[in-house]
Amino acid sequence: MTLALAVDIGLALLILAMAAWTIAVRDTFASVIGFVTYGLLLTLVWVRLALPDVALTEAAMGGGLTGALLIGAAARLRRTEATVRERPGVFTRTLAAVLSATVTAALSFCVLNLPDPAPTLAPGAAAKLGSTGVGNPVTAVLLAYRSMDTLLEAIVVLIALFGVWSLAHDRFWGGCPQLRTHADSEGILAYFARILPPIGIIVGVYIFWIGADFPGGKFQGATILAAMWLLVIGAGLAHFPPVSQAWLRILLVAGPLVFMAIGFAGIVTAGAVFAYPDGFAKPLILAIEIALMPTLVLALALLVAGAPQRMPPQ
Amino acid sequence: MKIALDIFTIFSVMAGAFFFLAGTVGLLRFPDPLTRLHALTKADNLGLGLVVLGLLPQTHWPLDTIKLIAIWLFALLAGATVGQLMACTARRGGGQPK
Amino acid sequence: MTTSGLLIATAIGTPFAMLLACLIPAFRKRMPPLLGLAPIPALAAALLADDTLLMFGNAQFKLAFAMDKPGTMLLTVAAILWIASGFYATTWLRNTGHAGSFVVCWLMTLTGCVGVFLAADLLGFYFLLAVLSVGASGLVLQGGTSKALRASAVYLGVALLAEAFLLAGLVMLAWVMPHGSLLIRDAAAAISTSPWRDLTLALLVVGLGMKAGLVPLHFWMPLAYDAAPMPASAVMSGAVVKASALALIRFLPFDAALPEFGLPLAAIGFFGAFYGVVIGLTQSKPKLILAYSSVSQMGFLVAVIGMGLAVGDSGSALAACFYAAHHLLAKGALFLAVGVFATTGRHRLWLVLLPAAVLALGIGGLPLTGGAMAKLAVKPIMGDGFVGLLANLSAIGTTMLMLHFISRLVTSTASIPSTSAPVCLASPWLLMFIAAIALPWTLYPMTGIGIWSYALQPEILWAASWPILIGIMPMFVLWRWRKALPQMPEGDLIVIGERALRKVITWGDGLEWAEGWLRRWPVATMMLLALAVFFGETLIGWR
Amino acid sequence: MNGPTLFGLCAAALIGFGLYGLIVNPQPLRKIIGFNIIGSGVFLLFGTIARRGAAAGMGGDPVPQALLITGIVVAFSATALAVALLLRLFDEGGVVTLVSEASPTEAKADPPDA
Amino acid sequence: MPHSLSAQDVTTPGGLLLVLAILIPFIGMLIGFVFGGGKAMRVALATLAVGLAIVIAIAKALVQSGDAVIYILGGWMPPLGVALRADGLSVVMLLAIAVVICGIGVYARADFGSPSGVKEARAPLTFWLLLLAVWGSLNLVFVSGDLFTLYVALELLTFAAVPLVSLDGRSETVRSALRYLLYALLGSVLYLLGAVLLYGVYGTLDIPLLAMRVRPEPVAWAALALMISGLLAKTALFPLHLWLPPAHAGAPAAASAVLSGLVIKGSWFLAVRLWFDVFAGVVTLPSAQTLGTLGAAAILVGNVVALRQTRLKLLIAYSTVAQIGYLFLMFPLATGLSSAGLDSAVAVNGGMLQAISHAMAKAAMFMAAGLIYTTLGHDRVADLRGMTSTLPMTVLAFALAGASLIGLPPSGGFLAKWLLISAAITTLQWWWALLMLVGGLLTSVYVFIVVVRSLAPAHDGWKPKLPVPRYQQAAVLALALCSFLLGAAVLCPLDVMQIGRTVSRNTLLP
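Chains as they are written, first to last, in the numbering used here: chain A, 1 to 314; chain B, 1 to 98; chain C, 1 to 543; chain D, 1 to 114; chain E, 1 to 510.
Rather than coming from a laboratory, the hints here were simulated on the basis of the structure. All values reported here derive from a predicted model rather than from experimental measurement. Just to be clear, a hint being listed does not mean it is correct.
[As the list claims (entries may be wrong)] Okay, derived cross-link-like pairs now, DSSO-like style, lysine-lysine, Cα gap no bigger than 30 Å in a straight line: (1) C/LYS285 / C/LYS147; (2) C/LYS503 / C/LYS379; (3) B/LYS2 / B/LYS67; (4) E/LYS465 / E/LYS119; (5) E/LYS463 / C/LYS29; (6) E/LYS39 / E/LYS119; (7) C/LYS147 / C/LYS503; (8) B/LYS67 / A/LYS282; (9) E/LYS465 / C/LYS29; (10) E/LYS39 / E/LYS465; (11) C/LYS147 / E/LYS39; (12) A/LYS128 / A/LYS282; (13) C/LYS62 / E/LYS60.
In isolation and in its complexed conformation, chain A is listed as follows (with noise of 0.2 Å):
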């Protein structure tokens, strides 16, 4: 009973607790709270299991965003909150509970039962490493050996945002996302929006940049940018510009399109596509980490806003 395994076992306790209160709390609002809470703790569990690409992107996406998301949509039905009484009956709850129990103890033995060799890709991952030219092995996996997941992986967003876009109403169309929110120009949420966003461009251009050769990359980054434009637009110092403006298009089109370019241009150049000329592979993972950042930081800003509430100012 090493203290590290004592820590991990209050963790684990901890989590499993937040998670049951979230989910049995009967207030909306308290269950979401409950969430992020949940989320956070969750960040210190990828930093025990050693997994800091990991934790930095669950805390920024899993806790901040997320919860940023889901608050705002708790705030506006708390009003529902009465007129959804009919919980389900004692017999419903008891064949759930024993159901998601059953399925609980298969996964507890597969875990218990995984092989203690773990078969792992790691060393496959290292050799290569050299080939990439980049230092971090999870960035070399998810720009150089897997490339086309994390192109869909962008594409995903868009097709998620143009699906929240579609739920405006017609007469909206071509409008802009509004955040709700009533804060005053001079109040403080507006100072702390003057000062906190240039550290946090800071910081995101910084988590951004490291992230070729220690933990770090344009995920976590985009959403320390999307949060700070965000927070901005939050604080009424700004807006969101309207669905059919051009350079946002343009902007929210370029990272997929750069990629798959640099991708095909792989064909001429390193035989396949998707594949780096020998010696080219960092600038050219740098130019698609460049060019995938406005997309990621416009489209997961502009999914937390949800779709166009109102015609732009003519």
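Given chain A's structure and the hints, the job is docking chains B, C, D and E onto it.
The following block gives chains B, C, D and E in isolation, referenced to the frame of chain A:
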């Protein structure tokens, strides 16, 4: 010298933990939102300060130390802003009935 | 492409081409007068083509057509009926509105009918039978009344049910065919050697029996023939029903004696023969009486096939075919006669009644008519014992039914006594009458069943005539107490079927509620988890 | 019982909680939270496998880490779409629940769908 | 080339076409998004044409090489990198989906042409972008050889399909879309959980490598159970079909055609890929019988409830629920064949043909229902008078599509039934054959009802609400004819579907 620094770290982190405890007790015991806010922002920020202070000697100089201090400053900034905002909302009575 | 191959191709090709031409409205309007011409290539093919195989398609799958002996005989006769009914339909269409859909259904049925007669491989046969069924149900729909809609729905329902059985049978047949060939020729041989012989035979007989109006599933026939327009009834009762009879003759293995399969089939056939007569006597509308006579005759035909199968004599296939050919001619002519009668006044009656009476009694086996020849051809298979007696009894029953038909026919003449049937209605009927009399005589020696001199011996003639005489006596008794007979509803069994269907629909409510309950969120998600757990358990079960 | 296995069991338990929450809670927002908890459970399981695969001088197998990051971003996009649908349902004035008022089979008055 | 390519998988000549087949639709979507407005439709239609050409080129490459078309992405060998693999099954599905999407594209030009006054309207732009997204993700599902890329493809498919359901924004359709999204997400999370377990035990997510490494052990059973039930949830097999009827009936006609004809085929194909390629050794006959029983329940309940529907689109939606049952009858038959040591190709071909003919027939049926709705103003089945006179080609298309679903010759449905019944007979599982015949009869009842109701002459003085352009009817008829004449596929010389399928052809069960 190393031992002295270690002892300093232990004590300072213990003090920090104590202030966190005080803040949490304040959160649970105080009657209305404003007092609870007061307890939280004061105690937790101080606790965090002490913890950071305790950890300073453990980190090697240029980069990590600055990062640690920056974390504390961000926490202060965020705590103050959010505290002030929640206080305004609480005063206007628009907040949670609880 | 040999000449006979060309002939066969044109036989199916012309009606199919005309059907495709109907897609363009302009051609469709000018199509009615051509209806009579469409079957002529089929008649030419029947008379001239020999039995070479005509193949389409590549190595893996061939669509094959051929002209075997039963096919020749039946196609000749059917083609004549189609020509006569085609001319009849042309005049009939002149005074009805929507000719377009009638023409499309008519040509589709014609293509299907000729195709089935010529089809030589399983897939081609099944496809053309489907075309035939859909076309025929469309023809029934042309009746225009709500009764026609119901009759067409029942017809299509039974046809699709029959095709489901047939598909299962054909698949089991195809699975056992020698080195994957799909030819019907090898089918008969393959059946007797296949491991699932009884199941395959049962499926084929049930499938084709349903389309041939075998008794327990015959209820669609009276409904359809009564509701369909006159030329359509003639064609359907004649050619369309014979298509499935021909298929039975082709598929069943006559060379090997199968008493345990043939006898029950014969029993069902005889039961159908008598059932048709009994129900027919209670009907009043001439078309319904004819329909029930068809049920009875098809029953008798199936009995002949059953006996042939039991005895295992391959000649019986040809005899059954001859019997079917005669019935086709006679029944087609009688249906047209009903149409002609409906348009002639009381005074002009004699000119039309005499031939109709001769034809009607011919079905019963009146000597010197085709009917007697048919009964004679079938006699050796029936033998003289109990089965021979049954055959004579059915002849008596048919004669009684025909007399009842003639008496009902006389009362159903046109209202204005002096009108006579328009020439272009009467002429196709007369053509059919001459064919019904002359053709059996010519076909009898030509197909080698027997020779004239044998058929004309006095004791043969007497053996054919005493059932007719006996048949006449009870008619006087029956004619006086006609009112006392119970009035059976048209489709007899169908009425019970519809009541059962209504009860089944009420179960549907419960099922729909259960389905609605299954679509509630908690239930569906728990069902998903339960399925995952159960699925895992079935995987473990293997150890 | 070492660190990764412990968190593996914790992941299994989280998936169980998430499933329970997804099934039982009538509120769609609570169902979205349930879905997120299941997602984080699955990702935690993936993280455990990554940690167990630590070799060649790396803290964890990089391939599952990369897939994890992609998974988290996909889960976020899914949540964003679900919340957008929820808010649109709220704007339409409809009761924010998954149970449709008139179950489709009895929807006699057929709404004009383009 | 920096890496030595082991003999196991190497990029074949046609390989690059696979990458194009996936990325061209997405590039078209992105460019269409930037142009926006009316130009988006033109870009989409151009992409449809280019995509169709690419798919035909892939088919040619497959037939010429006689083996699966493979492409190693980025040159990184599979355990580390991702390989795209198209064998006979994938290419046949690629072709079928391409044809159906082109038909839908031509049909949707009228419904989703951008209105003249407005620079850009919401529904048309969304429809064209999401149509291309659905196509790209389906191509990825058919072609990808890596389980995680397939997970991302499933998510792409769901995110592209859900907004199609709530395209007209009524609260009922938004609720159906939300219900569909949540249930599909639950399905894909279970699928991901299975994939994670597989990676945890076998250290790779590549299909051929997994096929070699998977052994019948607890983790493999758990993974298979989770992945298959997740995919069943996304394919809406009977007990898990809560989202399908309201979603497919509420969506506009072209969108319903995409949802019913194409989207459910993606997760079904993935289930086939897992069952026959990855878990060939783990699969047992009882588990296959479970899938068959669920399919049987789907056929019976789906058809009976379809009979009782009053609205045409709901009737067709429940008919989809029933036809999905047919798709799952292939599993017990194929497993029965391979456990009897015979070649399971007959059942697999039957299942694929059933899927392809259903895709075309169902798309044609929904589009026909859309035309009927535009002309009549309502789609109550009881009152379809006069449709044959006003829309002859549409009713003919509906009838032909119905005939293909019933399984009348020469339709694709008939050929599929012929193959499946012969498989059922050889493995002595005659009850599946009986079930298929009963299902065909039930289907024939409601197809007959709709066709006969539309044959009735219209009320005098009735005029159609909106004239329907002829090319729309032509597109619907073309698709219905494709499905109806699919039976002729038996004439093509070689068995395209089984090319390159070395993995599962006749693996004997332990």
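Q) Given the hinted pair C/LYS147 and E/LYS39, is their alpha-carbon gap at most 30 Å? A) violated, 55 Å
**Q.** Proposed proximity, C/LYS379 with C/LYS503 (alpha carbon, max 30 Å)
**A.** violated, 47 Å
Q) Would the pair E/LYS465 and C/LYS29 pass a check requiring their Cα atoms to be no farther apart than 30 Å? A) Between E/LYS465 and C/LYS29 the Cα gap is close to 29 Å, so the pair holds against 30 Å.
Q.
Hint check: A/LYS128 vs A/LYS282, CA-CA at most 30 Å. Holds or violated?
A. holds, 14 Å
**Q.** Holds or violated: C/LYS147 to C/LYS503, with C-alpha atoms at most 30 Å apart
**A.** holds, 22 Å
**Q.** Hint consistency between C/LYS62 and E/LYS60 [alpha-carbon to alpha-carbon, up to 30 Å]
**A.** Holds, because 25 Å separates the two Cα atoms, which is no more than 30 Å.
Q.
For a C-alpha distance cap of 30 Å, please report whether E/LYS39 and E/LYS119 respect it.
A. Between E/LYS39 and E/LYS119 the Cα gap is close to 10 Å, so the pair holds against 30 Å.
Q. Keeping to a limit of 30 Å between CA atoms, is the pair of C/LYS285 and C/LYS147 held or broken?
A. holds, 15 Å
Q. Given the proposed pairing of B/LYS67 with A/LYS282, does the C-alpha separation stay at or below 30 Å?
A. holds, 27 Å
Q) Does E/LYS465 pair with E/LYS119 here, judged by a C-alpha cut-off of 30 Å? A) holds, 27 Å
Q) Holds or violated: E/LYS463 with C/LYS29, Cα cutoff 30 Å? A) Given pair E/LYS463, C/LYS29 holds - Cα atoms ~24 Å apart, limit 30 Å.
Q. Given the hint that B/LYS2 pairs with B/LYS67, does the C-alpha gap stay at or below 30 Å?
A. Between B/LYS2 and B/LYS67 the Cα gap is close to 22 Å, so the pair holds against 30 Å.
When the structure is compared with the earlier hints, violations turn up for hints 2 and 11 and for no others.
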